[in-house]
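Visitor: The primary structure of each chain is shown beneath.
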Amino acid sequence: MNDFLNQVRLVWDWLTSSQQWHGDDGIPHRLIEHLTYSGISLFFAALIGLAFGLLVGHTGRGAFAVATVANLARAIPTFGLVVLVVTLAGLSTTPVLIALVALAVPPILINTYEGVRGVDPDTRDAARGVGMTEWEVLLRVEVPMALPLILLGLRIAAIQVVATATVAAYPGLGGLGRFIVDGLSRNDYELVIGGSTVVVALALVVQVAFTALRRVIVSPGLQVAASKS
Amino acid sequence: MDELSLELAEGGLTVLVGPSGCGKTTTLRMVNRMVEPTSGTVSLRGQDIREVNAPELRRGIGYVIQHAGLFPHRTILDNIATVPLLLGWSRKKARARAAELLELVGLPSSMAKRYPNQLSGGQQQRVGVARALGADPPVLLMDEPFSAVDPIVRAELQAEFIRLQKELHKTIVFVTHDIDEAIKLGDKIAVFRTGGKLAQFDTPERLLADPADDFVADFVGHDRGIRRLSFVDGADVPLREGPVLPATSSVASARTAGEPWVLVVDGDRRPLGWAAVADLPDSGTLADATLAPLGHTFSLAGDSARAALDSALLSPARLAVGVDADGAVVGVADAHELSGGSADAGTGGADGAKR
Amino acid sequence: MSDDEPLIRWQWIGDHAAELADYTGIHLRLGLLPVLFGLIISIPLGILCHRWRWLYPPVLTVANILYSIPSLALFMIFVRYTGLTERTVMIPLTLYTLSVLVPNVVDGLASVPEPVRLAATAMGFGAIRRVVQVELPIAVPVVIAGVRVAAVSSISLVAVGQLIGQGGLGYYITRGLQLDFPTPIITAIVLIMLLALATDALLVLAQRLLTPWSRNKVRAS
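Residue numbers (this note's numbering), protein chains in the order written: chain A, 1 to 229; chain B, 1 to 355; chain C, 1 to 221.
Please note that a few of the clues may not be correct.
In silico lysine to any residue, SDA-like type, Cα no more than 25 Å apart, as pairs [stated by the list, open to error]:
{"no.": "1", "chain 1": "B", "residue 1": "K113", "chain 2": "B", "residue 2": "S90"}
{"no.": "2", "chain 1": "B", "residue 1": "K92", "chain 2": "A", "residue 2": "V218"}
{"no.": "3", "chain 1": "B", "residue 1": "K113", "chain 2": "A", "residue 2": "L138"}
{"no.": "4", "chain 1": "B", "residue 1": "K166", "chain 2": "B", "residue 2": "M34"}
{"no.": "5", "chain 1": "B", "residue 1": "K113", "chain 2": "A", "residue 2": "R215"}
{"no.": "6", "chain 1": "B", "residue 1": "K92", "chain 2": "A", "residue 2": "S219"}
{"no.": "7", "chain 1": "B", "residue 1": "K113", "chain 2": "A", "residue 2": "P148"}
{"no.": "8", "chain 1": "B", "residue 1": "K197", "chain 2": "B", "residue 2": "T38"}
{"no.": "9", "chain 1": "B", "residue 1": "K113", "chain 2": "A", "residue 2": "S219"}
{"no.": "10", "chain 1": "B", "residue 1": "K184", "chain 2": "B", "residue 2": "S304"}
{"no.": "11", "chain 1": "B", "residue 1": "K113", "chain 2": "A", "residue 2": "P220"}
{"no.": "12", "chain 1": "B", "residue 1": "K93", "chain 2": "A", "residue 2": "S219"}
{"no.": "13", "chain 1": "B", "residue 1": "K113", "chain 2": "A", "residue 2": "L213"}
{"no.": "14", "chain 1": "B", "residue 1": "K93", "chain 2": "A", "residue 2": "P220"}
{"no.": "15", "chain 1": "B", "residue 1": "K188", "chain 2": "B", "residue 2": "V105"}
{"no.": "16", "chain 1": "B", "residue 1": "K113", "chain 2": "A", "residue 2": "R140"}
{"no.": "17", "chain 1": "B", "residue 1": "K113", "chain 2": "A", "residue 2": "I98"}
{"no.": "18", "chain 1": "B", "residue 1": "K113", "chain 2": "A", "residue 2": "D188"}
{"no.": "19", "chain 1": "B", "residue 1": "K188", "chain 2": "B", "residue 2": "L157"}
{"no.": "20", "chain 1": "B", "residue 1": "K113", "chain 2": "A", "residue 2": "G183"}
{"no.": "21", "chain 1": "B", "residue 1": "K92", "chain 2": "A", "residue 2": "V216"}
{"no.": "22", "chain 1": "B", "residue 1": "K113", "chain 2": "A", "residue 2": "A212"}
{"no.": "23", "chain 1": "B", "residue 1": "K113", "chain 2": "A", "residue 2": "L222"}
{"no.": "24", "chain 1": "B", "residue 1": "K93", "chain 2": "B", "residue 2": "Q66"}
{"no.": "25", "chain 1": "B", "residue 1": "K92", "chain 2": "A", "residue 2": "R140"}
{"no.": "26", "chain 1": "B", "residue 1": "K113", "chain 2": "A", "residue 2": "V216"}
{"no.": "27", "chain 1": "B", "residue 1": "K113", "chain 2": "A", "residue 2": "T68"}
{"no.": "28", "chain 1": "B", "residue 1": "K93", "chain 2": "A", "residue 2": "E136"}
{"no.": "29", "chain 1": "B", "residue 1": "K188", "chain 2": "B", "residue 2": "T26"}
{"no.": "30", "chain 1": "B", "residue 1": "K93", "chain 2": "A", "residue 2": "R140"}
{"no.": "31", "chain 1": "B", "residue 1": "K170", "chain 2": "B", "residue 2": "E100"}
{"no.": "32", "chain 1": "B", "residue 1": "K170", "chain 2": "B", "residue 2": "T26"}
{"no.": "33", "chain 1": "B", "residue 1": "K92", "chain 2": "A", "residue 2": "A212"}
{"no.": "34", "chain 1": "B", "residue 1": "K92", "chain 2": "A", "residue 2": "E136"}
{"no.": "35", "chain 1": "B", "residue 1": "K184", "chain 2": "B", "residue 2": "T38"}
{"no.": "36", "chain 1": "B", "residue 1": "K113", "chain 2": "A", "residue 2": "I48"}
Bear in mind the hints are in silico, worked out from the structure with no lab data behind them.
Taking the hints into account, I'd like the entire structure generated from these sequences.
Guide: See the structure below:
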């Protein structure tokens with residue numbers, strides 16, 4: 001217990017010392033770096049994952065390929081992939097970002113696909129029967145009904161990207177992982193645990209943001225269904 | 001399926017009925033191009049439907065399916081407003097129309113803001129019908145709309161639906177596997193056999209009276225004789241005078257009637273009950289006699305011959321009591337007379353009289 | 001990396017076969033023991049959440065929050081208590097499995113048809129016997145679907161542990177970076193993926209053997 005309080009004090013001292021809030025090694029700069037890497041990767045991953053997930057879900061063609069990609073992707077050690085990319089392409093941001101996108105696409109893809117596929121066939125039949133065009137069926141019925149799963153896919157991808165961006169500090173990238181990696185190499189535990197705390201805080205913010213987003217954009221008609229089952 | 005030619009009357013309700021796998025649903029879905037026929041044409045009001053863009057065509061045809069297929073993410077009101085919104089109506093106008101329809105199908109306006117999974121199956125099905133009526137289409141396609149609800153709710157929905165159709169006069173194609181439902185609702189019935197062949201296309205009366213072959217006879221059921229009576233008006237039932245006596249008559253007069261039971265009526269000829277002649281007291285009037293209950297009477301003004309037969313079977317005297325609109329006794333008939341009379345109707349005699 | 005360096009030097013793999021085998025063993029231990037521990041925690045926890053539904057949302061929220069914390073940060077938080085040991089890697093990996101395993105145990109129990117539950121009760125099963133002998137076996141396919149996801153993720157995450165010196169095959173990833181030599185990195189990635197996929201295949205097989213009645217019915221999500 002005492003030890004835990006010591007750890008809290010350590011973190012507090014680190015967070016409140018003014019040098020953490022200025023310059024290239026400061027928390028704001030590292031946080032912005034981290035958010036930039038994560039945001040850009042998630043954006044492109046969402047574009048790709050949503051487009052293919054909706055296409056395959058709506059047409060039903062390519063389902064096997066989607067399942068295979070998703071299974072294989074889960075098995076890839078993200079740390080290994082990031083290190084390999086730096087080893088092969090040198091230390092620049094773009095190749096690492098491409099790797100991050102590649103890792104974030106599968107969860108978005110598979111969940112979007114499952115969400116659209118899971119729409120009750122009667123509902124889809126009714127949508128066509130009342131005279132919706134294929135685009136209307138997709139955008140007005142399938143997407144809103146798939147939203148809970150689409151958001152789940154985006155959340156898993158976001159968690160994945162934030163975590164992998166942390167690890168990417170090891171082969172030399174910026175972001176919040178820098179504190180941890182630098183602290184380890186300098187045997188500066190204060191730096192390690194301080195950096196970890198900021199990473200944890202960011203993860204919590206992401207988690208809360210997705211929960212809030214879900215509350216706002218998923219139809220109450222579907223939320224009742226979710227709580228019933 | 002092949003070689004199907006059906007002409008459906010405008011403003012009429014045509015039922016497609018048959019065992020599963022007979023192609024009735026496929027036929028229905030050809031009308032709004034949910035299924036494209038490999039050959040042949042479907043025309044709607046003289047126009048080949050292939051000339052109309054499919055979604056546009058469907059917006060002008062109401063569509064109701066078995067589990068209603070409501071959109072779970074939309075409120076009841078927005079579900080009903082779907083087609084008007086697709087047609088580009090303003091949100092306000094579409095919602096006003098939806099509110100009207102909600103009332104038309106007998107749902108309280110408090111349900112407007114709810115979501116489908118907060119409604120019972122029967123209520124969802126009513127919303128399904130309301131949604132189909134959204135843009136007031138002249139044609140409705142209904143694919144087993146009442147099959148997924150329990151029998152009591154189903155009977156309720158059918159009755160409401162009959163009332164609605166009397167008001168709206170839509171041209172309706174209705175698919176069911178339930179021959180009773182078909183006979184209850186249909187103006188004309190197309191019976192399909194497995195493999196998509198049309199076995200018979202006729203009015204319910206003709207279907208029961210004169211099935212085209214063994215398949216149809218079997219499908220409409222062994223009790224089709226009784227069911228047919230539903231289509232004979234109570235007014236057409238052959239009635240005879242019978243042993244009807246006012247309560248003021250003497251016991252002696254009842255004995256002279258020569259029947260085992262006499263029907264005792266009041267001053268306005270309203271039936272009071274049956275008196276067994278053998279159990280009558282030695283003297284006095286029929287007012288002193290113990291009366292057996294009537295069972296129920298049938299009205300010449302509204303009931304069918306089937307109600308008359310039922311009345312005969314339930315009465316202690318085995319006689320059906322026919323009453324007029326005021327409840328006064330017109331006459332009686334026994335079960336034999338009732339069924340004999342309707343057998344004639346089947347072969348043509350009384351059939352002509354009915355029209 | 002110098003330009004004349006080939007992507008893979010097969011020679012290196014041959015030279016290090018024995019060492020690779022050792023690290024593969026360590027990697028499996030680090031990746032799979034957390035799944036086992038996770039299962040030991042999730043089954044009773046899932047049963048409790050199934051029995052008392054109000055318990056489920058808070059448990060799920062905590063499990064999801066733990067899952068959202070990046071592994072590197074979580075390892076570092078535990079270093080202070082458990083040092084640079086295997087436990088420091090295995091405890092966070094165990095915590096991660098909960099976000100998959102607990103919901104799958106709950107869903108698995110919920111998949112037991114109500115008539116089966118009622119019949120078991122009517123035949124005189126007590127509450128605990130009913131759960132152990134009737135409901136859990138029926139839940140097995142759904143639980144194993146969760147175990148598959150947890151095992152594959154866990155095996156691929158172990159590598160990060162190398163940053164505190166306990167990463168199984170992750171050793172070759174940091175080694176390759178230090179030497180600017182891709183062969184060990186690629187070898188490690190391929191071996192880790194093979195381990196994950198082989199584990200997955202074995203779990204599918206285990207499920208078929210354990211639940212002969214449910215073949216072809218459940219598919220991993």
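Visitor: Against this structure, judge whether each hint is valid.
Guide: Status of each hint after checking the structure:
Between K113(B) and S90(B) the CA atoms are separated by roughly 18 Å; this keeps the pair inside 25 Å, and the hint holds. Between the alpha carbons of K92(B) and V218(A) the distance comes to roughly 23 Å, so the proposed pair stays at or under 25 Å and holds. Between K113(B) and L138(A), the direct Cα distance comes to roughly 24 Å. Compliance with the 25 Å bound is thereby established for this hinted pair. A distance of roughly 28 Å separates the Cα atoms of K166(B) and M34(B); the hinted pair therefore is violated under the 25 Å criterion.
At most 25 Å may separate the alpha-carbon atoms for a hinted pair to count; K113(B) and R215(A) meet this at roughly 18 Å. With a C-alpha separation of about 20 Å, the suggested pairing of K92(B) with S219(A) holds against the 25 Å cut-off. The suggested pairing of K113(B) with P148(A) holds, with an alpha-carbon distance near 21 Å, which does not exceed 25 Å. Taking the CA atoms of K197(B) and T38(B), the gap is near 16 Å; set against the 25 Å cutoff, the hint holds.
A C-alpha spacing of about 12 Å is found between K113(B) and S219(A), which places the hinted pair at or below 25 Å, so the restraint holds. Between K184(B) and S304(B) the alpha-carbon distance is near 13 Å, which keeps this suggested pair within the 25 Å criterion. With a C-alpha separation of about 11 Å, the suggested pairing of K113(B) with P220(A) holds against the 25 Å cut-off. The straight-line distance between the Cα atoms of K93(B) and S219(A) is roughly 23 Å, inside the 25 Å bound, and the hint therefore holds.
Straight-line distance between C-alpha atoms of K113(B) and L213(A) comes to about 22 Å, which keeps the hinted pair within the 25 Å bound. Under the criterion of a C-alpha separation no larger than 25 Å, the hint pairing K93(B) with P220(A) is consistent with the structure, at around 24 Å. This hinted pair checks out: K188(B) and V105(B) have alpha carbons roughly 24 Å apart, not beyond 25 Å. For the hint pairing K113(B) with R140(A), the CA-to-CA distance comes to about 19 Å; that is within 25 Å, so the pair holds.
Taking the CA atoms of K113(B) and I98(A), the gap is about 46 Å. The hint is violated against a cut of 25 Å. Distance hint between K113(B) and D188(A) is unfulfilled; the C-alpha atoms sit about 59 Å from each other, more than 25 Å. At most 25 Å may separate the alpha-carbon atoms for a hinted pair to count; K188(B) and L157(B) meet this at roughly 20 Å. Between the alpha carbons of K113(B) and G183(A) the distance comes to roughly 57 Å, so the proposed pair goes past 25 Å and is violated.
In summary, the hint linking K92(B) to V216(A) is supported, as the alpha carbons are separated by about 23 Å, within the 25 Å threshold. Taking the CA atoms of K113(B) and A212(A), the gap is near 23 Å; set against the 25 Å cutoff, the hint holds. A hinted pair counts as satisfied when its Cα atoms are at most 25 Å apart, and K113(B) with L222(A) qualifies at roughly 14 Å. Distance restraint check for K93(B) and Q66(B): the Cα-Cα separation of roughly 28 Å exceeds the 25 Å cut-off, and the hinted pair is therefore not satisfied.
For the suggested pair K92(B) and R140(A), the alpha carbons sit about 19 Å apart, so the restraint of at most 25 Å is met. Between K113(B) and V216(A), the direct Cα distance comes to roughly 17 Å. Compliance with the 25 Å bound is thereby established for this hinted pair. With a CA separation close to 42 Å, the supplied pair K113(B) and T68(A) exceeds the 25 Å bound. In summary, the hint linking K93(B) to E136(A) is supported, as the alpha carbons are separated by about 21 Å, within the 25 Å threshold.
The hinted pair formed by K188(B) and T26(B) meets the criterion: a straight-line CA distance of about 19 Å does not exceed 25 Å. Distance restraint check for K93(B) and R140(A): the Cα-Cα separation of roughly 20 Å lies within the 25 Å cut-off, and the hinted pair is therefore satisfied. Only pairs whose Cα atoms come within 25 Å are accepted, and K170(B) paired with E100(B) is accepted, the gap being roughly 17 Å. With a C-alpha separation of about 21 Å, the suggested pair K170(B) and T26(B) falls inside the 25 Å cut-off, and the hint holds.
As the CA atoms of K92(B) and A212(A) are separated by approximately 30 Å, the hinted pair breaks the 25 Å bound. Of the pairs offered as hints, the one joining K92(B) and E136(A) holds, with about 21 Å between alpha carbons and a cut-off of 25 Å not exceeded. Restraint check for K184(B) and T38(B): not satisfied, since their Cα atoms lie roughly 33 Å apart, outside the 25 Å limit. Between the alpha carbons of K113(B) and I48(A) the distance comes to roughly 36 Å, so the proposed pair goes past 25 Å and is violated.
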